[in-house]
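Going down the list, the protein sequences come from chains V and G.
With positions in the first sequence counted from 1, the corresponding number in our numbering is that position plus 105.
With positions in the second sequence counted from 1, the corresponding number in our numbering is that position plus 1337.
Keep in mind that the hints were calculated from the coordinates and are not lab data.
Just so we're clear, the structure is a prediction, and the values are computed from it rather than from any experiment.
Warning: the hint list may mix true and false statements.
[Claimed, not checked] Here are the simulated lysine to aspartate or glutamate pairs, EDC-like style, with alpha carbons at most 20 Å apart:
| # | chain 1 | residue 1 | chain 2 | residue 2 |
| --- | --- | --- | --- | --- |
| 1 | G | 1609 | G | 1587 |
| 2 | V | 418 | G | 1845 |
| 3 | V | 163 | V | 419 |
| 4 | G | 1609 | G | 1594 |
| 5 | G | 1865 | G | 1619 |
| 6 | G | 1548 | V | 183 |
| 7 | V | 249 | G | 1340 |
| 8 | G | 1544 | G | 1522 |
| 9 | G | 1538 | G | 1845 |
[Unchecked claim] Just so you have them, the derived chain G footprint on chain V, three or more residues with Cβ under 8 Å:
| # | stretch |
| --- | --- |
| 10 | 267–280 |
| 11 | 412–426 |
| 12 | 449–455 |
[What the hints assert, rightly or not] Just some of the chain V residues that point at chain G, by a computed CB distance under 7 Å:
| # | residue |
| --- | --- |
| 13 | 363 |
| 14 | 364 |
| 15 | 365 |
| 16 | 368 |
All residues carry an ideal CB built from backbone N, CA and C; glycine is no exception.
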Amino acid sequence: MDLIAGRTWSIERRPIRHLDPVLIFVTLALSVIGLFLIYSATHASLAAQHLDLSLYVKKQVTALALGIILLLLVVTFDYRFAKVYAGIVYGALVLLLILVRTPFGTTSAGAQRWFQLAGFQFTPSEYMKLGLIIMLAAYLSEVKSQDLSVEQVLRATVLAAIPMILVFIQPDVGTTIVLAAILVGILVVAGARPKQLAVLALSALILLFGAFQLGVVKDYQLQRLYGFLDSKNDPQGANYNKQQSEIGIGSGGITGRGFLNGTQTNLDFIPEQHTDFIFTVVGEEFGFVGAVVMLLLFAILIWRAFRIATLSKDPFGTYVAAGIGSMFAIQMFVNVGMTIGIMPITGIPLPFVSYGGSSLLANYLAVGLLLNIHMRRFK
Amino acid sequence: MTEGRTVARVRFLALFVVVMFVALSARLWFLQVLASDQFRSQASRNSVRIVQTVANRGKIVDDQGSLLVGNRPSRVVLINRQRLGSQAPVVLQRLSELLHIPVWRLRQSLNTDQYYSYTPVPVAFGISKSEWLYIEQYQGSFRGVSVEQLPVRTYPNGRTAAHVLGYTGQISAQQLKDPAYAGYDPGDIVGKAGVEQVYEKYLQGTKGIRKYLVDASGQNLGPIGTEQPPVPGDTLHLTLDLKAQQIAEESLKLGMENARHYNDSSQGGLLKANAGAVVVMDPNTGAIVAMASSPTYDPALFSGGITQQQLDKLQSAGSNQPLIDRAIQGLYPPGSTYKPFVAAAALQTGIANENAYYPCPATYTAPTDTTGQQTVFHNWTTANLGSMTVAQALIVSCDTVFYKFGWDFYQKSPAEPLQRDLGAFGFGKPTLVDLPNEQPGVVPTPEWLHKMHRENPTGFPRNTWYPGDDIQMGIGQGDTLVTPLQIATAYSAIANGGKICQPHVASELTGPGLSKKGKAIDPPCRGKLPFTAGQLSYIRNALTQVPMHGTAAPAFGGFPFSQVWVAGKTGTAEKIGQQNYSWFAAMAGKTPNHADYVIVSLVEQGGHGATTSAPIVRRVIEGLYGLNLSAANPSAPND
């Protein structure tokens, strides 16, 4: 029996002793900062409507509590169970993505994305991201060769394409991009060759072009894209969000205008500010310093995910962690990028920070999986 | 442990992410450090214009839910004075020709401090569709002119209940300063009279708010934020019954018209009968079933922005003040309608006894009045009617019996039990009805007289309280002043066994601003009067004889007393320099002594109580109980 510092080896290697404190800290820090930002983004308009100023914050706190409970639950089971049930989870989520298009789903702003269940919203596309990660990881971890064959890349692509198409027609371009990034991230780590990835990218471009030509893409998506391409055009229309959000972030300067002092924020200039445009609050009220601190927190989050990918004892854990890392990275990049005008406007929430229960729960599930892989890296 | 190649691939992926962070940070550096000044100045130029959408004012309905006051959309022409600028003469000329409104009138409307300089001012209401389309079509020629659909008050029953309903109008400069109107803006429409004024905060509703982004040049760049839709005002349910109200108004009008063809027995010539009021009240709750005041006015005049001419006309002397609600704002000597209260006070203080007999001679002189020039108080008849009980004195309305009671009350000075009891009946103070500007009336006391003399020595040259003051009060004359509603409230107390019920015209508020059940308006019936049930029933029994055999008998000839019990009292109030004021106060019920209604009628210069008011009340009772309506013809005086 091995003895390390007087303890038995098995006690030292107990999973519970190997939680990743840095990951936990970063997750909670982003969530708590999010609460303050949500308050700032919503308090003025809530006051105008004579509603509780912390109405949204309270809802988010409830979701946060649920998320933590969910995380603790996920941590108790060995993550390898996920591999066993990956097919079922994936299949069920695809089915829900189809059902959400039927009258069971709820329509909002022209998009059909969620189910209304006993007062709660359930958005299957948020969970589909994780479902796809597990599915791809489960499939590719069974590949024994060093590099992937064309057939294997193709199969993985089909697995990703099914939910991507279903999400794209909702329409939810943002989640489609995230699913694509997950596919690419996992394929890279699983050993797809650069040539294969290039072909994949080319066919995606052709498909996208075809979608525009066939009118599958909704008008507002096109307008947003045109607005992105020609920024001086049409200040009240599609480009309005982008301009106002840039004004907000730009006017923050180096140190920001102070918490609750942003005029762009308080005067409701930026639509959907507590959800997709939450980063503008950081930019306007905490300036460049605040924005960089937030980016650093995300950098640590993604670093921990990739680190766990390298620490995992089996390929399944590696792929799951890499997929989650890719997911957080692309969401952070597209979301922050659209608020500062380097990415087109797509409805992607900023992980842990944006208001929204389904997204927060899915992200906590993801962190739970990361912790799980980290904890059981010796077993 | 993961093998080396996989670690390398993860690092490769991480490199991508590093590129992402570099791109984001670089762009942030550009926006927030290099170009920050430009964005900050853009942010400061960003401004918001808040446009308010008018909420529909709450509806007013009667006890059955019939609509009394509603809203209809009216096309209103508004002029933005800032945008009008130098174009004013041309645009106003064009508008004047189109709408047939003189230019000076348009200028008059624009010359107001009721609106912010940038807020459009309404200049014409209810324009036609073709006029509206013309302005829209030639928008270029009407710079600064806009047409909006705004809700205005509509009165499906015309003038009915005008005084109770009141009217609306633009908030005044004084009201804007009043803390009670905090949150109101210039140009807001508020209740100016009646329940429109009293229940203003419930009827008003909440304006909707829409925010627009406006650039430095004032150009509208489109809406921002979420729209806050307007919330309509609450619905006000009245205790008023539309049918009863119509009967009351018709009967008052008819009775007054008929009286104008009737000779005034006291001064000669035809009766003027130029104004009056009728109150119908539920004596058990204080709910006002009908309340009429004549002359009346058309409240719709105010909803389209009343002109100064129209307002002047309504307030001119010749029109006899139609805006005054005589039921609560008219002050009159009560005359003999006061006698039941004096009788109750006399029985209660022991001055009178139910079974005792009192002489009813033609004149009365105070026993101490032994000066050379005695003050002689006359009965309404020159005949000596002999001795009679208090009940009989009420039935034939003998003044001299009540002069004596007045004298006896004078003897009790300074305890003033008469004034105390009259105060208990609610005289000399507001009834607290839910209508504005109610008059409290006067119950004179020595202190009151001293005070009036001090404040107004010419109007009240006398500073001494004489026996005559009490003697006059015994028959409701002298300085005593009451409103018709006070009489109705006091008769209700006799009818209901001694409760003073706070009269009210509203019963309930319902609407989005309130809970599902609504807000009940149910003011209490307060206190027991200091009279025994026996004393009150004694008076009721006496009053029951009045329409059958007493002073009101001529007006109630052929009335089916077997179907409806009526008890009442006539009053003929004297006012110096005018014809007599005609009063009749009655209670009516399906069964004797159980009154469903108290009905009071007062007609200014309508002669004797039995002449004008008693026929009006009779007709109202007939209407309330679905009997054949009589003609409200004047009847011979007997009082």
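Quick rundown of the hints versus the structure:
Straight-line distance between C-alpha atoms of residue 1609 of chain G and residue 1587 of chain G comes to about 18 Å, which keeps the hinted pair within the 20 Å bound. Restraint check for residue 418 of chain V and residue 1845 of chain G: not satisfied, since their Cα atoms lie roughly 74 Å apart, outside the 20 Å limit. Using a Cα cut-off of 20 Å, the hinted pair residue 163 of chain V and residue 419 of chain V is violated, with the two alpha carbons roughly 40 Å apart. Of the pairs offered as hints, the one joining residue 1609 of chain G and residue 1594 of chain G holds, with about 9 Å between alpha carbons and a cut-off of 20 Å not exceeded.
For a cut-off of 20 Å, the pair hint linking residue 1865 of chain G to residue 1619 of chain G stands: about 18 Å separates their Cα positions. Distance restraint check for residue 1548 of chain G and residue 183 of chain V: the Cα-Cα separation of roughly 53 Å exceeds the 20 Å cut-off, and the hinted pair is therefore not satisfied. Proximity of residue 249 of chain V to residue 1340 of chain G is assessed by CA-CA distance (about 13 Å); at most 20 Å being required, the pair is judged to hold. With a CA separation close to 11 Å, the supplied pair residue 1544 of chain G and residue 1522 of chain G stays within the 20 Å bound.
As the CA atoms of residue 1538 of chain G and residue 1845 of chain G are separated by approximately 14 Å, the hinted pair is consistent with the 20 Å bound. Given as covered by chain G, the stretch 267–280 of chain V fails the check, having 0 residues with a CB less than 8 Å from a CB of that chain where 3 are the minimum. Counting residues of the stretch 412–426 of chain V whose C-beta lies closer than 8 Å to any C-beta of chain G gives 7; at least three are required, and the coverage claim holds. For the stretch 449–455 of chain V, the stated coverage by chain G is not satisfied: 0 residues place a CB nearer than 8 Å to a CB of that chain, which falls below the threshold of 3.
Against a cut-off of 7 Å between C-beta atoms, the interface hint on residue 363 of chain V is violated, since the closest Cβ of chain G lies about 14 Å away. Hint status for residue 364 of chain V relative to chain G: violated, with the closest Cβ pair at about 17 Å, above 7 Å. The closest approach between the C-beta of residue 365 of chain V and any C-beta of chain G is roughly 16 Å, which is over the 7 Å cut-off, so the hint fails. Residue-level restraint check for residue 368 of chain V holds (minimum Cβ-Cβ distance to chain G is 6 Å; threshold 7 Å).
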